[in-house]
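Could you build the full structure based on these sequences and the hints that come with them?
Taken in sequence, the protein lines are chains H and B.
Start counting the first sequence at 10; every next residue gets the next number (our numbering).
Start counting the second sequence at 6; every next residue gets the next number (our numbering).
Among the hints, erroneous ones may be present.
[What the hints assert, rightly or not] The calculated lysine-lysine pairs, modelled on DSS-like cross-linking and capped at a C-alpha distance of 30 Å, are:
1. B:92 to H:96
2. B:696 to B:607
3. H:520 to B:110
4. H:342 to B:49
5. B:110 to H:96
6. H:519 to B:21
7. H:520 to B:92
8. H:520 to B:21
9. B:696 to H:109
Think of the hints as simulated: they come from the structure by calculation, not from any bench.
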Amino acid sequence: MATYKIHPGIGIARLGNSETEFYLAPEIPAGLPHACDTKGNPILSDDLSGPVLVKNFKDKNGRIKRQAARFQVFVYDDETPDGRPLKLGDAVEGGGNHGKLIDIQWRVYLANKKASWYEFNTRSGEHGYADNHPRRNASIENRDRLIIDPGPRIINSTNLRHASFDRSGNNVYAATFPPQGLTPYDIDTLGEILTDDNARLLVLGGFGRSGSEKSGPGEPHISHYANNDGWYDDVSDGPVMARLAMYSDQVGAVRYIDVEYPAWVVVGYPRFVPQIHDMITIDEVLYDLFLREFAYDTSLYGRLGSFDCPETVPIQNQTALSQWQASRLTWNKDFKPWFYRDIWPILFRPNEFLYLSNILAQSNFPHDQEQRGTFDPFKLGRTPGHAQKRTSVKSADISPTARDASQGEAFIATQQPLEDQHSDPYRPMRQFLFDLLRRNGEDNEFKLEDKVGSRVHNLPLMPLLCGDNPLTNEVVTKFLRLTDYQLFILKQWAEGRFINEMEQGWIDRKKYPVFFPYPTTPPENGRKLDRGVLSNVLGGAFCPGGELNWIMRNPSIYWTSYRIKADRHVADFLQSAAQANANRQPTSVIEELSFSIDNTLSHNNNFGAGLQPGDLTKYMALPWQADFNECTTNTINITYADWNTINADNDNDQRLKLEEKMWDTLWWPAHRPLQSNELTGFENGKPVTTWTTWSRGIQQTYAGDLKMVEDWWKLGFIIRNPYLSDIDSTPSTGPDNRYYSIERYGSEQLAAPDPQPSAIINPAKNT
Amino acid sequence: MPIRKARITRYDRIRKILNEAAAGSSVDYDGIGRFWDHGAKQLKEAFIHGIRLVAPEAEKIKSCCGQDVNQSTPAHGAASMLVRGLKGETPFDGSQFPRLPWGGKAVSPEDIEFISNWIDDGCPEDDHMQAITADIQQCETLPTRLSVHEIVELDLAAKGTRTPSRPGELRQRSNLDCLNEDELKRLSNAFHYLYSLNDWPEDIRSYNNQALIHQNHCQHGWERFLAWHRAYIYEFEQDLRDFDADIMLPYWDWVMPQYRPECAQNGRIIPKSFQAFLTLEQAEKLVTELKPRPSAAQKHAFLQLAKQKQHFTSQSVFFRYVYNTIGYQHVTPQPQDANRQHMIDALLASNPFWYPLRFPAEYGGKTINEAIHYHYPSANDIQQILSLNNFRDFGGGSIYDASFGFLDQNPHNTMHIWTGGMNPYYGNGKSYEGNSMTSFQSPQNDIAKQRSTMVQAGGRRFHSRSDMYSQPQYGDMFSNLTASYDPIFWPIHVNVDRLWWEWQRLNPSATPVELDAILSPWNYTVRDTLDAARFGYEYVRSSHFIPIGLNAPIGRIISKPIPVNDLTQGFRKAEVRLHWVPQLSRSCFIRAFLNQPGANAKTPLQSNPHFAGYLSIFGHGACYGGPGHCDTPPPRTRDYDHRTRNHNTPRNHRIDVTECARKLLATGVSELQITLIVIGADYEEDIDLLKLEGVSLNFLD
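The structure is reproduced here in structure tokens:
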């Protein structure tokens, strides 16, 4: 029997102020978006071998193109248990009918609940909001008007292929929008939907318009990074549902069946650095969550003693799931991660940030991949015993260049005599890197200076990026920490329990893009599509974050892995599919008649019933530009682990003042760069770049936040230098221009060349 | 079968398979290289990444999840990591390792099977391939694509010997097609009784008044549908049980193979028990009533109808048979035709489940698909509907004009249309001559949607003779105003209720939205109907009761072999139940064995495929009270005895024997024989302890 599912389970659209142009969201990690025509059909390369990647992120007026979230229906059946995309004309079945797919109806419901939601205050609310937690716009009594609710929209793939989330309510819904006359920008739509020629759905978000309804002297103004009364923006999110229309030869009639469950679309701000991964992506956050909470892969994380015969836990059965969770769960110590698939992409990432910020250069390139060798994949990836087999390795091959002052600890560690020095010469290097990683419970530790016998005494723990709350004294989380799963596989690696695909011959050393170690082939199935899309979304820190925040870590918001639990009274077609069958509804008639709808969108959460439109983005900053502008670095007070703020001044406590220590910490440079190489021209056919501040002209102040509301679209997009043909195979050894920024306002005329898709095909995650 | 010896050994062939698949790859397999290239012995011993590729022969192979795999079964190859790896099964599914061979292309399933067989045979180095050619015979394919789960409906053994009557015990609604003659007779007597009450128009118990409830109150097309009908069936069932307390309404599982769902007009159409037939008594009476008298040959033919118990799905088919085959032509479709009236009387008297205003599968010579654009439900259709994951799609939503559920709209509506049908002799039907239904009038396009308005209800005197003789355009089941006047309404709706009951088990928290809504004309709310057990019934495919009696203790219980059709293997659960066990003075275990009548206290439990399970019962200990203190209380408490339940109230126990029964049946046995051994605290049999009313074996859907 066939099951139909929408993928990706969570799709990502992005704002843009171009009214006409858009492109398709990347579906692989660190991928460039795909170019498409005005109907959303992907443009293929001349030889039809693959998609054309986007080379201009802005239209001819210099405005940022929107990113469309594309959804498609996959069929799961005996033939393809991992699913395959469903096409018009395919045989379909469901609800006791079978026939040929003739149309797909898509129903999308976007909303923005930010202005009615609680004020964002670091992690307050992650474990439920206290009764006295203040609301945004607390003085407004008519709360309903604070929700931007355009109502649902339905389109099909035949006669009604476009709809807009505008003020019209499509003439069947009483929409609520902010009043007109906002400054600086009115909000008249949350976006639009359309279908491409293959009946896939594209969701486009807003135009990036934010405005305040307050007027008078000093207005509009911004006075907080996340909460500003009177303001609205046009970010949104909501459920995506699909109904299959089949022609049944058996009865000579059209029959309908809905897909298994709604998907979800989230609108984020533009991805200005599409090809550099965040240190933790939301894909990694969710994978870790589903492993631990939903028994997603019991061969990795499961009951002690069950790994030989991994169990399948029916997660919709709460009793069974609770029973599993209450058992003795652990990570499978026999699991061997793969170096190039699993380990290296984590280790590789931080070095990329040197193209986005000065800080790494000023720290003397701590993640150097070659000269000092600390992050040399050819050493870090060597498995124990492999050197012996090859016999070509003489001794611990540590070159003199490794003796760099700042790397002394690493060098000393590698010099320690070890029994297995010959068979595993790089064990100390692996262990050193692993030991530097911040573990659970060390979220607030800058370094382990006050712990006797510390493994990495007095060295800062990694990642040295801001955590979920480096601001207030309530639930302090100063620094970012890798996920449990990441730490687990890195521990396996450090201890020598890993597989090197090159040693095994599974990948070709000559061809493998070691220095751009992400898959470049399109996702082969729906689950990989889910993950590929999410891999380009920020996974922390959540204060509140980039596209989404800590609510994504709450297992209560999921129906199953990679699927948001939807309030189906809001998410589903109002008319049931069986009713459409009974009515002999033609597929051309798709507007929802005014069935009784008794409730407005809710101002509260009901995780039992599921999420409503707007329930994911409501946690984010309002307007988004304020937080985006300010999230460059944060000066974290590291004097005491438990406190972000200490008040020495009040008591005139001189000693306390003297002891106070700070660390300027990056937030997430791959989502909000600080500096970049900027393309200034071409010389002899080669790009000429200048290292400069990426958002220069917009300071990190409230005035700057306000300016960002108007100028966000003028910023440049940072791409991987398409003129350097060998950067995928050569290590980064310091400042070079392997990434540079293009299309900054005023320099759009510097044409970006065709970035060619890598000729090298990475191995897929599952071979 | 000609057998010829091949020149190369099987091992050579395997090397060739693997080398071809690995062509172009330089993978060195953890340093050992192409492990299959160094001889059969080395292959047998090869390890990569600590994993042995060929499962060792000597050790017992543990299959997944700890079950010992019997060495005689050829699971050896399939369990080998080499075979799993070639198939791409865990851990060679890409999570830990890629599919074997690494860097090459996949090996075909046939070749994997070849390798697997070779491992099963102990990895011989030098045996030769045998090429076997056999004539391929055209296999007869099953007429339908039914899953075993759906088509199993077993004949019941020792039926009707006991009906549970103890307090708190659920009663069992079972499969209509599995009822025996006695059970059908008792049920039909009860129906007959309710029909007879129609003579008192004010008597609420009468069949017509019960049917009137549906006409006036029934709920369709939204979420009240299932809840309302659950209450309705229950109320009607109680009405029947006022006449015979032992009967329960059966369900018609309309996807069973005899109905041939894929071409249902060629199947049985409706259950035999609801078809028209003549008893000998009625046939003999009929031939004396007909004018003119039938000829001797015709008379003989009428009696033969009864003697052979020939069945007819409708009056149309019956009358055409009389006219054209028996050759008695003094009968016309006219309602006032006396001979036709006599024949209808005789058919009604022969079978109270038959109903003349029912024209199943008759659509003017067209199929239901062509005429109505609805199709008879198949087992696959029902599986699809049971797989729906929310109540709105399954059973209907809370918006009354927009929320048909699939169960309601598709199989339910279809079965109404199917059984109602269109009367071929409506209107201008003048004669039963010939076999075509020429007088058919073309149905309107949206007939299925409008079926509530198609049938005339006003002005009728239901179940009166004049009504039974009439020639309406549609059968009564066609419209919800008249549907339940036809007794076939009940088994159809009981089956709908059963499907909801099954679906509830799959979706325990999925409910209608408006749980407080009242279900008129009763005072049930929707919420009251969610738990079927509240109404005292469960659904079982079949149940086999072995009466024992409470008179004396029993040490060992061995049932007669209970015949089990080989289609039974789709049952969800098999249970041995111990009924009404009084408090025991000593503790004991009760061990259950299937098909091991000789089992005793020493019979091993480990690795014994006949051991089905056990239960333990705590003993009550010696009585410290005076006479009567620990007597078993009466089955029902006295009036006004509101004290808590007596601690000595007998209990029911159940042992889940699903696994054991499944495995035994999978080996091809066709009978299950229950052996129960009572084991005392000393691990010896205790033959003087257990008392019980009986034991049953139950197959649950």
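Taking the hints in turn, this is what the structure says about them:
| no. | hint | verdict |
| --- | --- | --- |
| 1 | B:92 to H:96 | holds (28 Å) |
| 2 | B:696 to B:607 | holds (22 Å) |
| 3 | H:520 to B:110 | holds (19 Å) |
| 4 | H:342 to B:49 | holds (27 Å) |
| 5 | B:110 to H:96 | holds (28 Å) |
| 6 | H:519 to B:21 | holds (29 Å) |
| 7 | H:520 to B:92 | holds (28 Å) |
| 8 | H:520 to B:21 | holds (29 Å) |
| 9 | B:696 to H:109 | violated (61 Å) |
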